[in-house]
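Listed below are the residues making up each chain.
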Amino acid sequence: MQLKKMTPRRLWILAGYAAAAAALFSAPMFVSDFRLNLLAKFLAFAIVALGLDLIWGYTGILSLGHGIFFGLGAYAMAMYLKLEAGGGKLPDFMGWSGLKELPLFWQPFGSFGFAAAAGIALPAILALVLGYFTFRNRIRGVYFTILTQALVIITTTLLIGQQAFTGGTNGVTGYSEVLGFPLGSPDTKRALYWITVAALIVIFLFCRFIVGSRFGKVLRAIRDGENRVRFIGYNPAIYQMVIFAISAGIAGMAGMLFVLHVGIISPSMLGIVPSIEMVLWVAIGGRGTLVGAALGAILMNWAKSEFSTAYPEGWTLFMGLLFVIVVVFMPKGVAGLIGQINFRKKRREPNHEGVRNPAV
Amino acid sequence: MDVYVLQLFNGLSISSILLLVALGLAITFGLMKVINMAHGELIMIGAYSTYLTQNLFKDYLPESMFDWYFVLAIPVSFGIAFVFGLILEMSLIRFLYGRPLDSLLATWGVGLVLQQVARSIFGAPNVAVKSPTWLDGGLRIVDGTLLPYKRLFIIALVIVCLAAMYVYIYRSHEGRRMRAVMQNRDMAACLGVSTRRVDSMTFAIGSGIAGIAGCALTLMGPIGPSLGTYYIVDAFMVVVLGGVGKLVGTVLGAVGIGMFNTLFEYWTNASLGKVLVFVCIVAFLQWRPMGLVAMRTRSLD
Numbered sequence: 001m002q003l004k005k006m007t008p009r010r011l012w013i014l015a016g017y018a019a020a021a022a023a024l025f026s027a028p029m030f031v032s033d034f035r036l037n038l039l040a041k042f043l044a045f046a047i048v049a050l051g052l053d054l055i056w057g058y059t060g061i062l063s064l065g066h067g068i069f070f071g072l073g074a075y076a077m078a079m080y081l082k083l084e085a086g087g088g089k090l091p092d093f094m095g096w097s098g099l100k101e102l103p104l105f106w107q108p109f110g111s112f113g114f115a116a117a118a119g120i121a122l123p124a125i126l127a128l129v130l131g132y133f134t135f136r137n138r139i140r141g142v143y144f145t146i147l148t149q150a151l152v153i154i155t156t157t158l159l160i161g162q163q164a165f166t167g168g169t170n171g172v173t174g175y176s177e178v179l180g181f182p183l184g185s186p187d188t189k190r191a192l193y194w195i196t197v198a199a200l201i202v203i204f205l206f207c208r209f210i211v212g213s214r215f216g217k218v219l220r221a222i223r224d225g226e227n228r229v230r231f232i233g234y235n236p237a238i239y240q241m242v243i244f245a246i247s248a249g250i251a252g253m254a255g256m257l258f259v260l261h262v263g264i265i266s267p268s269m270l271g272i273v274p275s276i277e278m279v280l281w282v283a284i285g286g287r288g289t290l291v292g293a294a295l296g297a298i299l300m301n302w303a304k305s306e307f308s309t310a311y312p313e314g315w316t317l318f319m320g321l322l323f324v325i326v327v328v329f330m331p332k333g334v335a336g337l338i339g340q341i342n343f344r345k346k347r348r349e350p351n352h353e354g355v356r357n358p359a360v
Numbered sequence: 361m362d363v364y365v366l367q368l369f370n371g372l373s374i375s376s377i378l379l380l381v382a383l384g385l386a387i388t389f390g391l392m393k394v395i396n397m398a399h400g401e402l403i404m405i406g407a408y409s410t411y412l413t414q415n416l417f418k419d420y421l422p423e424s425m426f427d428w429y430f431v432l433a434i435p436v437s438f439g440i441a442f443v444f445g446l447i448l449e450m451s452l453i454r455f456l457y458g459r460p461l462d463s464l465l466a467t468w469g470v471g472l473v474l475q476q477v478a479r480s481i482f483g484a485p486n487v488a489v490k491s492p493t494w495l496d497g498g499l500r501i502v503d504g505t506l507l508p509y510k511r512l513f514i515i516a517l518v519i520v521c522l523a524a525m526y527v528y529i530y531r532s533h534e535g536r537r538m539r540a541v542m543q544n545r546d547m548a549a550c551l552g553v554s555t556r557r558v559d560s561m562t563f564a565i566g567s568g569i570a571g572i573a574g575c576a577l578t579l580m581g582p583i584g585p586s587l588g589t590y591y592i593v594d595a596f597m598v599v600v601l602g603g604v605g606k607l608v609g610t611v612l613g614a615v616g617i618g619m620f621n622t623l624f625e626y627w628t629n630a631s632l633g634k635v636l637v638f639v640c641i642v643a644f645l646q647w648r649p650m651g652l653v654a655m656r657t658r659s660l661d
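So the sequence lines, in the order shown, correspond to chains A and B.
Note that this note's numbering numbers the first sequence so that position 123 is 123, with each residue one more than the last.
Note that this note's numbering numbers the second sequence so that position 172 is 532, with each residue one more than the last.
In isolation and in its complexed conformation, chain B is listed as follows (with noise of 0.2 Å):
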């Protein structure tokens, strides 16, 4: 029985690490249809944003203050990674609208870039950041599973985001604004929304995204150059699954591919497992090409 609860509890864990990773994705993704290989570097920027900040603490604040720097840590992500997210839009992905694949190769290099950059700078090795004393520890629910604070932090932190995204984009002026630019962009310019405006935000939040997850896997293990690169192609198949343009699709691919990954993690093999789900979502395809769910269009192409 415990044995049941723990594979979904850590079925759920890696769903909610994976929902983080492509939230974002699925923003930058189902907007602009941009392929952001280059996420992966922008979550790795909000990791060494964490580290940085914890840094400081050490160094400059008294020790009682030093379980506190987490709670800092996640906006300093979020804002450190908006900003770098806004620099490349306006640099680089604004010449590469509707070139999806172009916007992938070149994205892949600015990721190579900013790997090497990091690299350069933290050194190759992995850096580990110290994760605060209250989160150490877990709930004990019946029989004796132990469910680490760690993990429930991530999801809790998961349900935050995914609530503040779900007011931003259904709730204010903005996110209305963005809506319509991904329905309609040539009616939306028509009617006077900015749609420069509108990618460039839109850009910037969904790698500010990437940065939170960043903070949030400094909680799983050490961090290194090379985080995002584990990350990124999985992300991807979230995205692929849960089909773009609505925030629910991207939840349910996340769900499933996590929960498929234990469950079969569980009964073969790491390697095998992912053989398994990677079938499982060629074949799903079969069934809904358009992934989970889909924005009803009228339009070809």
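Chain A extracted, bound-state conformation (with noise of 0.2 Å):
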């Protein structure tokens, strides 16, 4: 790594990120419980948009089956906490659909390394498989996306259809205490959020990190033109597959943080809707900028809980015709549109973004 030049204006974004996480760290101590926790949530959904941020706005690739990666890491700390609620007991929906004893796959839950462990690496290892069969076929763009939709769809109605073991529609909630400590405690409720903040912390940096990288130069130019990547040498599905596995695990880990904060994780909440709506934080925030995607999930998850309870048929108007504004309007989101200020205010130089018409 060469060390960057410290311009002024490097300087005002550095202290700008500082601001933001010293604000974000002492939040606790001017919100109310059950604004933090909402806070909290918010923070985790800003997760999960790094990660689809890293395939989407930085590789090209649009996925619309990471409500499943954020399931199944909500799904297996979900489990983890269920049997540490029933303190060696069944699990009282299996009770109900008439199961005697924890089927094989729920054993290992019951520590919380495995469970935390499963979290990432299951979404990551599905991601692997599914981009192995995908992208070494060359099958790609909306091709991808549809496979990534039918995933949704049959993993939901799996997760429904097998109600003895995983809750079906009703999914999954009743928990008490992890690690010994009790969720419903403000204490421990302060001291997950201040978790989910130096977790998303870290994934901005690790993004950073491997968006500055040589990988993430790749991973752009597969954006901008694949075939051009395997012309010169490289192999670009064997890149699309890590950074969709690293993807998946980000949003996996998403997923166990949201269950933590929220106590509940039912089918309804990784089908069809929540994975697009995922992407709209992304494509509001601004795709291919990390900050972009982060706001974008906190801001549009902050005026959903704000205005959807009040006015439900005009939110899913609004949210509707945003879609269509910002892809058409500002396909680069907000983040985009304050770059454009800046940029016209600045100076006009060539637009090296991007091949407009690649020849290949």
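What the hints contain is simulated information worked out from the structure, not anything from laboratory work.
Incorrect hints may have been included.
[Claimed, not checked] Under 7 Å between C-beta atoms, here's a sample of chain A residues computed to sit facing chain B: (1) Met6; (2) Leu62; (3) Ala150.
[As the list claims (entries may be wrong)] Covered by chain A, according to a simulated footprint, are these stretches of chain B (three or more residues, beta-carbon under 8 Å): (4) 464-473; (5) 625-631.
We put the CB at the ideal spot given by N, CA and C, even for glycine.
Taking the hints as your guide, dock the two standalone chains into a single complex.
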């Protein structure tokens, strides 16, 4: 890593990051417990948005299946919490479905370590498998997107259909404690909030690192001209698979944090609509900028929690229109819009981003 | 024995519905590379058009005429969905050519708006469309198996639509222009084909067929604002499996998915059956990444 020059602009940006981190860490002092819980949930969503931005904004692969990766992580954590709450007894919904003993695949989730590892590893492995069978054959673009959407459909039907093992439509809920700390207490909630903030910052730095590295450069090259990258001698499939798996793992991690804050996970939280909403956060915030994606997730969810309960119909209309407007008029989102204004103020220079009409 | 006949028939019936839904998609996706996620909502529009036609017949015409509303409902559904498609193409899709992923997101937003509008107009609960009495009952074949007329009618309707599409695409002047644009847009434009007009017409026709699909779906049960979302992903899978550019691919894709779906659901259960079908599709794409029937082309991307 070479040291970059400390220009005033860079200093300002760094100061901004530091201020944002400080504000997030000190938030428990200023907001109520209820708001804090909401904010924690939004931060978990911001983590998903970061992962999604890695593959969509930087690699040009649109995944409509991130709800599933998010959900897998959430379910892994939920299974641990459920077993912890049961204290050795069978989870209640299994009893209702007539199950006599704990299914084999539930048993390791009794340990927190295993559940936490599985929450990241399972989505990553699923993504790796799907990526292997698609990218290797150069199935990409819309074909890939449709396949991820089909993955969402079958996973949700599977979760709903196998009620005895997954809790069906109701999902998994009714937890009491994590690692011995009661989930309901404000102290635990505050600690979980700080953990989420720390996770967000770590993931953000990790994404920055990926994007700034040589690996990240190849990713952007794939986005702008996959065949050119191939002709130069890289194998895009490997890069796509790896970044897809990383992105899925990040989503899984966010899912785990989400369950800890919200206390329930059900198939409706990871279906088609939530998955595509995640894409909307990134689109609005600005694909291809990490800060934009994270901010987009936080702002959109804040707006949703403010307005959707009061005007549920208006919210759906608004969201639909927002989709259209953002895609047609500001393809780079709010971050892009700010960049455009800056750009216009400063100087005109040829736009090097993206190849308009690639020759190959 | 009769179990297999019945399963075969069910498979064929599901295939026919899938095909009707996917036919419009295959056209818009195949020709214009536009992913129209609002296709499901165009189906919904077709279904509500049928519902409105039924209500008009009930209110203003003598009872003896009521049974024939369905005959009129088919062209009405086509027409209304056609107009919606035309408006959609001219106001939005036109700006998104060459950006398939963006078109997917924008049309999804349109779908969301249309659903919400339908919910405000017709109410969130499902409404029932009374199917005409001449479609009640069924065809009795050997050893007491009953094939419902409604499903037979849908299969017949699909065949008629398919034939009409075939004639339009392969035997008419408009169809020839359409194929020319699909194969080489720039060259077609150089030779004086108005690609913009062809695009509008194609998109509108694809939408119109979605309307017919909606009309047919009213025979299968009550309809609601989110009617289309149940079918849209399956329909896209048909297009992916079948490959774009040729009608026969879509037909094979629909029959394949419909048949395997029925088969697997019969062997296992509904949720596992869907998983197996998905695995089969991904496995199949290993062998033929471009789908069953792909247009031969030398261009990369």
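Evaluation of the provided hints:
1. Met6: violated (38 Å)
2. Leu62: Constraint on Leu62/A satisfied, holds at 5 Å.
3. Ala150: Hint on Ala150/A: holds, closest Cβ of chain B at ~6 Å, below 7 Å.
4. 464-473: holds (count 9)
5. 625-631: With 3 residues closer than 8 Å to chain A, the stretch 625-631 of chain B meets the three-residue bar; holds.
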